[in-house]
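Residues per chain, in single letters:
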Amino acid sequence: MRAAAGSIRSHDWLPGRTLLLAVLAAGLCAAPVLAVAWIALTGETGDYLRHLAGTRLTTYLATSAVVAVIAAGGAGLIGTSLGWLMARTEFFGRRTLGWVLILPLAVPAYVAAYAWLDLSHAGGPLQAMTGGLFPTIRGSWGAGLMFAFVLYPYVYLLARNAFAGQSADASNAARTLGAGPVSAFWRTSLPMARPAIAAGLALVVMESLADYGTVAHLGAPTLSIGLIRAWSGAGSLVDAARLSLVLVLVAILVFGLERAQRSRARNVNAAGRHKPAARLNLNGATGLAALAACLLPLLLGMIIPLGRLAWLALRTETANGLAAASLHSLTLAGITALIAATLGLGTAYALRSRTAIATLAARAAGLGYAVPGAVAAVGVIALLSGIQALIDPAWRAITGEVFPILLTGTGAALVFAYLSRFAAAAISPSETALARVTPSLDGAARTLGATRRRRVWQIHWPLIAAGVTSAGLLVFVEVLKELPATMILRPFNYDTLAIIAHNFAADERLGKAALPSLLIPLVALLPMIFVARYLSRQDR
Amino acid sequence: MKAMKLLVLAASLTLAACTQPATDAADSARVVNVYSARHYASDDAIFAAFTEQSGIAVNLIAAGGDQLIERVRADGERSPADVIITVDAARLHRAEQAGLFAPSDFSALTATVPANLIDPQGYWVSMAKRARVIAYSSTRVQPGEIETYEDLADPRWRGRVCVRESGNAYNQSLLASIIARSGEAAAEAWAQGIVDNMARPPQGGDTTQIQGIAAGVCDLAVVNHYYYALLANSDDPERQADAAAVSLLFPNQQTSGTHINVSGAGIAVNAPHPDEARALIEFFFSDDAQRMFAEMSNEIPVNVDANWDNPTLAAMLPFVEDDRNVSELGDHNATAQRIFDRVGWQ
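Chains as they are written, first to last, in the working numbering: chain U, 1 to 540; chain R, 1001 to 1346.
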């Protein structure tokens, strides 16, 4: 296999353009983070960080660790089990649930947190029902659970694609050698899916660490809280930027581990499409258990929290402007998802060339995920105003006037901010999907005289379509619920569903936050239906 | 490559779809561009009423105060912002320090608005007030048993106080007011006393604290007055029951007065439409606008002559306010936050 990988390098195909896309993706993602680093390194030095080190820094770090571990553990457990159930078994309701299980990702974590705390607070409905036994969802573990409930689809989606792509051979071989189905899962299926699971977990961890709204509301002081306090309380954007560099380092570490994991697994993941593993038929009680296992995360991540909001919504008047906001959300998310999927696929192809620059680009693209949205948005603003400062004199020299467009107030700035944060989410799924196109498959096609175009569309695309469209979907859903960058970079009079939902929730008017919160997953359903139908057509 | 073309097409479409011109000199219609940290329905109604009366259209961007400050600062000379609105006096102070406001003469307002609500240098004015008050259990605490913020730190309330996290601007400004009044050492001792008296680690918003009393977790809570009004005025019986379980105390009536915080506005230093900006800010003090603050957001109007109808709010008034100039709150904000860090107020 090592030799085969080498042969890709020597027959480097599609080299130039995909590399360009990879570098473009890396530039988009890393630039705002670099701007933040610039702010951090060139700003004045005060004594705030020393004050912090002497007071709360250790709490921030410890809480971050606990939140990340619980989020990853929970999301890993839910996502992997559901991925396996969906890919390798057959039971009543499986087909319908396949895509629905992604929907909790469309519930912003802070919305889930507001609803769950409202349900479980002292004297709240859950405590009343259980005679005070139900614990109040709060603190590090509460926040970790919220992230697990709404972010598990990252793991689920990637794990499902990985399990589905595994050929029957490995598992059959294990069974032939006397392994039971459980042991075959642990010793063949799971290790082969490990890179995909790791890729999903890396996203879960980074998103939990960069979150602000959930941890603030549930009282889990993570490093994000610390850096927002440095900014909003102490008034030092510079110190906030410095603290966010710590998160960037964590991101480099997390994504580095994920990649190390991937390269270790490269040798085992030889899976074409020759013989997909047969689905295990779950009937009767086991089938019901499987159905219940799938419904539980849906309940926890979506139906219960949004149901609570809907219940409150019935007793309050409706928010205005939801139709326009839905359209705005849909437009922004759609455009960003298309671009991100293209960039992600380009990067994944470039990575096949295994050149240093492609690898570097892919890693740089991961950085955008590391920084809390509010700080990343400042990076975007700083960058754009820097560019503006460069354009203005040049433009004036030619036309005699200043450049007529304010870069920070454009939809393009917004899409740029989204891409910088979420394009990384599109790379991993594409890359995992592309790993299924083995070098030997390519070689065979070439031997048979297939043109490059034919190889891409007739051999690669059917194999990677699920992965690439999943990548686009992830980004779509992320953009739907994105808040800080949207707020500060949007054009005048331009609301999205997430903004309306947040404004009411932050105002403690949960009832009015309900409808916009409900609309986010509904809007997310549209592309999901489209993608599901497209993929089932592909699935010959 | 197809993908590349698609990419360029999508990017240029976005640019075209949502570009806003930096200057609208060619545009003859009058507009005012508002950057607001407020996002209440009352404000939408006020903007609509303003447009109807003046013919000036209102363009709005609403985001967090600190974000708005960064955006206006980065956009510099070409910033389209005319009016900058924030909640919390400390944010107004920070915007002022960042050089975002043009000094203006708001002295004409002093006929109806108390002077302590106007920035001494004329950078901004307050248009609505919020009081930080003590909610207490109607059954477990006797009226008169507690009278001041200082009492909250008394050891006899050990394990009986609910309060939200210290990252919250209202808690920071409350502590800033104590620093202004009694000095840093006394303020730190007070904050330590509150931490010792907490019934549980800080969580949730102000509403959560009131619910804490209703559920018997604690007997006292520190909240903004309008969260109580929101519960009391709710159509939801569950929320009404929460409100019914507590009484409100406006603290320090015999001493320094109840701590108030404000929403305020100023004219941006590079405002492309300074006249329209001034017209809007003056409109905030009109009877119409003040009524909407009182009736829709349960905020306390700053215009003492304004007429409004909100029985829940009216029942809370009048009370003795801390009459220091609210601009002082910003001076002590950073110190307040450090005290919170030192005493471990989460």
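Possibly wrong hints are sitting among the right ones.
Derived contacts from chain U toward chain R, CB cut-off under 7 Å, selection only [stated by the list, open to error]:
#, residue
1, L117
2, S120
3, A122
4, S232
5, G235
6, L360
7, L406
Label pairs and their calculated CB-CB ranges [stated by the list, open to error]:
#, chain 1, residue 1, chain 2, residue 2, range
8, U, L133, R, Q1121, 55 to 65 Å
9, R, R1156, U, L61, 34 to 44 Å
10, R, P1201, U, W395, 28 to 38 Å
11, U, L296, R, P1201, 21 to 31 Å
12, R, D1154, U, L257, 46 to 56 Å
13, U, T55, R, G1144, 31 to 41 Å
14, R, G1144, U, L314, 54 to 64 Å
15, R, S1247, U, L525, 25 to 35 Å
16, R, A1108, U, D47, 55 to 65 Å
17, R, P1237, U, G73, 36 to 46 Å
Bear in mind the hints are in silico, worked out from the structure with no lab data behind them.
Note that CB positions come from ideal geometry on N, CA and C, so glycine has one too.
*Could you check the structure against the hints above and give me the numbers of any it violates, in ascending order?*
Hint check: 2, 6, 10, 14, 15 and 16 fail, others pass.
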